[in-house]
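Take these sequences, add in the hints, and give me the full structure.
Chain residues, written in single-letter form:
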Amino acid sequence: MAARAGKRSNGAPATSKPRSNGASARLPIAKTYKLYVDGKFPRSESGRYYPLERGGRLVANVCRASRKDFRDAVVAARNAFATWSQASAYLRGQMLYRAAEMLEGRREQFVAELVLQGVARGPAAAEVTATIDRLVYYAGWADKYQQVFSSVNPVATSHFNFSVLEPTGVVAIIAPEPSALLGLVSNVAPAVAGGNTCVVLASKTLPLTAVSLGEVLQASDFPGGVVNVLTGWREELAEQFASHMDVNAVVHCDNDAEMARRVQVAAADNIKRVVLRAGLDWYADESQSPYLIRDTQETKTTWHPIGA
Amino acid sequence: MARPDTKLRFDTGWQYAPAPESTDHARIDPQYGLFINGEFVAARRRQHFTTINPATAKPLAKVAQADAGDVDRAVAAARRAWQRSWSKLKPAERGKYLYRIARALQERAREFAVIETLDGGKPIRESRDVDVPLAAAHFFYYAGWADKLDYAFPGRRARSLGVAGQIIPWNFPLLMAAWKIAPALACGNTVVLKPAETTPLTALKLAELIRDVGLPPGVVNIVTGAGETGAALVDHADVDKIAFTGSTEVGRLIQRRLAGTAKRYTLELGGKAANVIFADAALDQAVEGIVDGIFFNQGHVCCAGSRLLVQESVADEVITKLKDRMETLIVGDPIDKNTDIGAINSAAQLAKIEDYLEVGQAEGGEMYQSGSRLPEAGYWCRPTLFTGVSQSSRVVQEEIFGPVLAIQTFRTFQEALDKANNTPYGLSGGIWTDKGAKIFRMTRAIRAGVVWANTFNKFDPTAPFGGYKESGIGREGGLHGLDAYVELV
Numbered sequence: 001m002a003a004r005a006g007k008r009s010n011g012a013p014a015t016s017k018p019r020s021n022g023a024s025a026r027l028p029i030a031k032t033y034k035l036y037v038d039g040k041f042p043r044s045e046s047g048r049y050y051p052l053e054r055g056g057r058l059v060a061n062v063c064r065a066s067r068k069d070f071r072d073a074v075v076a077a078r079n080a081f082a083t084w085s086q087a088s089a090y091l092r093g094q095m096l097y098r099a100a101e102m103l104e105g106r107r108e109q110f111v112a113e114l115v116l117q118g119v120a121r122g123p124a125a126a127e128v129t130a131t132i133d134r135l136v137y138y139a140g141w142a143d144k145y146q147q148v149f150s151s152v153n154p155v156a157t158s159h160f161n162f163s164v165l166e167p168t169g170v171v172a173i174i175a176p177e178p179s180a181l182l183g184l185v186s187n188v189a190p191a192v193a194g195g196n197t198c199v200v201l202a203s204k205t206l207p208l209t210a211v212s213l214g215e216v217l218q219a220s221d222f223p224g225g226v227v228n229v230l231t232g233w234r235e236e237l238a239e240q241f242a243s244h245m246d247v248n249a250v251v252h253c254d255n256d257a258e259m260a261r262r263v264q265v266a267a268a269d270n271i272k273r274v275v276l277r278a279g280l281d282w283y284a285d286e287s288q289s290p291y292l293i294r295d296t297q298e299t300k301t302t303w304h305p306i307g308a
Numbered sequence: 309m310a311r312p313d314t315k316l317r318f319d320t321g322w323q324y325a326p327a328p329e330s331t332d333h334a335r336i337d338p339q340y341g342l343f344i345n346g347e348f349v350a351a352r353r354r355q356h357f358t359t360i361n362p363a364t365a366k367p368l369a370k371v372a373q374a375d376a377g378d379v380d381r382a383v384a385a386a387r388r389a390w391q392r393s394w395s396k397l398k399p400a401e402r403g404k405y406l407y408r409i410a411r412a413l414q415e416r417a418r419e420f421a422v423i424e425t426l427d428g429g430k431p432i433r434e435s436r437d438v439d440v441p442l443a444a445a446h447f448f449y450y451a452g453w454a455d456k457l458d459y460a461f462p463g464r465r466a467r468s469l470g471v472a473g474q475i476i477p478w479n480f481p482l483l484m485a486a487w488k489i490a491p492a493l494a495c496g497n498t499v500v501l502k503p504a505e506t507t508p509l510t511a512l513k514l515a516e517l518i519r520d521v522g523l524p525p526g527v528v529n530i531v532t533g534a535g536e537t538g539a540a541l542v543d544h545a546d547v548d549k550i551a552f553t554g555s556t557e558v559g560r561l562i563q564r565r566l567a568g569t570a571k572r573y574t575l576e577l578g579g580k581a582a583n584v585i586f587a588d589a590a591l592d593q594a595v596e597g598i599v600d601g602i603f604f605n606q607g608h609v610c611c612a613g614s615r616l617l618v619q620e621s622v623a624d625e626v627i628t629k630l631k632d633r634m635e636t637l638i639v640g641d642p643i644d645k646n647t648d649i650g651a652i653n654s655a656a657q658l659a660k661i662e663d664y665l666e667v668g669q670a671e672g673g674e675m676y677q678s679g680s681r682l683p684e685a686g687y688w689c690r691p692t693l694f695t696g697v698s699q700s701s702r703v704v705q706e707e708i709f710g711p712v713l714a715i716q717t718f719r720t721f722q723e724a725l726d727k728a729n730n731t732p733y734g735l736s737g738g739i740w741t742d743k744g745a746k747i748f749r750m751t752r753a754i755r756a757g758v759v760w761a762n763t764f765n766k767f768d769p770t771a772p773f774g775g776y777k778e779s780g781i782g783r784e785g786g787l788h789g790l791d792a793y794v795e796l797v
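Sequences listed follow chains Z and G, in order.
Counting from 1, position 38 in the first sequence corresponds to residue 38 in our numbering; the numbering is continuous, with no gaps.
Position in the second sequence counted from 1, then plus 308, gives you our numbering.
Calculated directly from the structure, the hints in this document are not laboratory data.
Values in this document were obtained by computation on a predicted structure and should not be read as measured data.
Where a beta carbon is used, it is the ideal one built from N, C-alpha and C, also for glycine.
Fair warning: there could be bad hints in the mix.
Residues from chain Z that keep clear of chain G, each with C-beta distances beyond 10 Å, as calculated [said to hold, decoys possible]:
id : residue
1  : P123
2  : G224
3  : G279
Computed from the model, here is a short list of chain G residues facing chain Z with C-beta under 7 Å [stated by the list, open to error]:
id : residue
4  : L457
5  : A460
6  : P462
7  : R465
8  : R560
9  : V758
10 : V759
11 : W760
12 : D768
13 : A771
14 : P772
15 : E778
Below are the DSS-like pairs computed for lysine-lysine, each with C-alpha atoms no more than 27 Å apart in a straight line [unchecked claim]:
id : chain 1 : residue 1 : chain 2 : residue 2
16 : Z       : K144      : G       : K456
17 : G       : K727      : G       : K746
18 : Z       : K34       : Z       : K204
19 : Z       : K34       : Z       : K68
20 : G       : K746      : Z       : K144
21 : G       : K404      : G       : K456
In structure tokens form, the structure reads like this:
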């Protein structure tokens, strides 16, 4: 690796070639991209990686998460669910808004990382902007969707009867391959706004901003385990995401009909809710909606007698 | 301190005179065809199966066995009806058809109740007071939604899906048909419904009623048969939606089979509900709730309170009261108005229940059954409870679908909650306590779709019903039940 290290790019400065001579030469510090699990940034337990390259140059060695990493992430997500699902809606909204603040402050870092992965500067800036706005959008929904989708039911007997939404549990998200940041956040935000915890598999070809998003979430005081980010190969992880018996819902966003079918088959092992969001234009207004929150909600109906 | 003897001794001085409901006015044809495109037609292969009265094991009627070709005819009829008439009808007019069905069902309520009891074995008291009135109420409720869907989905418009394939179980045959058909039609879909093979008669009577009220041909089609008929419906390429109520096992198979298709689905599956009794509960009421929870409809209820969790300090008292109450339950002829517990729905189901009774004892559980006298013919099971079972016992973890209650104790709120949630199911739950805050702490923490506080097994068309976890996907009933039958644009 030493031979390649000299050619390694670094995320932070847009022009990252080390100067080759002169006393003022300074080698920029390259960032190691790891996973984000349980509020920490571990490497894959497997020790595996895959090289992310662009134009023949190594951009980063990306963790190739194993099934064990996924299982660990599900344990973290399940443990976090008890607190997160009972956190006040107001608090969940506050944290999502805080994440938007943090991302706004790190805008240049995220633009640079998108550029580093091959996104043109203009679209990269637009994607970060749209992502910030999406976080604000769902921050606002965190304490409102319940009122829109709940009901008091006029039953014929002498009971007070009402139906409310509750989070379905742990949601496994296979984020859209072509939309590194906006697509990922557009699926994570509605899940966690609704009190779910999640494990999300980042885009294989555009994984860097997903890992950096973990830093944003951590700095926003999201409890560890609420959002867990894995990088790796969907072809070896997607079915595990869908079949794990302690996952309640799986969200699949790729335009890959055969993979979607396999995900649906595996999901039936424990009657998971399957949400397919292939081919959405994540910039479109229609791609944000409280109905995306509702996709990973359960309706609970409570009966209580009226009388002495 | 010696407790007062609360036992009511029905076996000494008391005798109930027989009080059978009249069956004269309930017409059952010797043979039924399939209801396709507004008329009864023969199955292509001319094959039939026999539906029996489980209280006598005697045949009631022969019913056509639909094969894939028959299902294809029914789906084609439903598709034509959707394209040509039903989806083009003014929503208010759709609603009026549903009102007609509701009214006709009320007019013929007693006949439907009698046939439901004859074909399924449930006590006439239940089919008369619960199944049939609730079925009519469902049609009334959804009739009114037909022209009001714009108010149901904020920011979206609702469109019908097309043809809905619906598969229903044998425990509430008519009621489940109503749960499926009413919202589907209100939202502008047409349906192909498959009743359970042991209880097809009220669905076929409903087909007669639907024909009589003049519903356009093909809007509702009813195909009878067993699992293969259902599979043909699930696999049919021109079905847009599958709605299934039944076991988790079959639900899993259906979910797998639908993978890779564009079909939507809702699944209403099994349950193993915990009924949690705290020491501060009104114990006599709680005992009534336990009885309603597990012995209603012979325990053939997916949301039955089949696990009793009772706080340790009152466990002995509750179990004693419960045993005394069980002695008063009348097991017998379902058509008798005094009967509390009717016949087990089929020989196969009885065998399954009896197998669990053996399993429960083999695992170390202590079994107690009421001393009820059982009729000689037909399929019967005494009200049964198990004590001394553990969380891992099969009678605690698995759905028995019979009048069998597994009893566990707990000390703390948290222990009760952990035990309540410790199954793969999440359909329903119950809590009994006098403390309001404890009620809402528990109802919020139980991972189940329906939670009853100081009551159990209550149903209403306005109240959404459906499961968490492996108890299913989607809701039926209420505003939320519309979701299953619309595409939002």
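Each hint tested on the structure:
1. P123: Consistent with the label, P123/Z stays out of reach of chain G, its closest Cβ about 29 Å off (over 10 Å).
2. G224: Holds, since 22 Å exceeds 10 Å.
3. G279: holds (13 Å)
4. L457: It is violated, given that the least Cβ distance between L457/G and chain Z is near 15 Å, above 7 Å.
5. A460: Status violated, d = 10 Å.
6. P462: holds (6 Å)
7. R465: violated (12 Å)
8. R560: holds (5 Å)
9. V758: Where the cut-off is 7 Å and the nearest Cβ of chain Z is about 5 Å from V758/G, the hint holds.
10. V759: holds (5 Å)
11. W760: Cβ of W760/G sits 5 Å from chain Z, so the hint holds.
12. D768: holds (4 Å)
13. A771: holds (5 Å)
14. P772: Result: holds, 5 Å to nearest chain Z Cβ.
15. E778: Holds: closest Cβ of chain Z sits about 5 Å from E778/G, inside 7 Å.
16. K144/Z to K456/G: Given that 27 Å is the threshold and the Cα spacing comes to 23 Å, the pair holds.
17. K727/G to K746/G: Roughly 17 Å separates the two Cα atoms, so the pair holds.
18. K34/Z to K204/Z: Holds: K34/Z and K204/Z sit about 13 Å apart, inside 27 Å.
19. K34/Z to K68/Z: holds (15 Å)
20. K746/G to K144/Z: holds (26 Å)
21. K404/G to K456/G: holds (13 Å)
Against the hints set out earlier in the document, violations occur for numbers 4, 5, 7.
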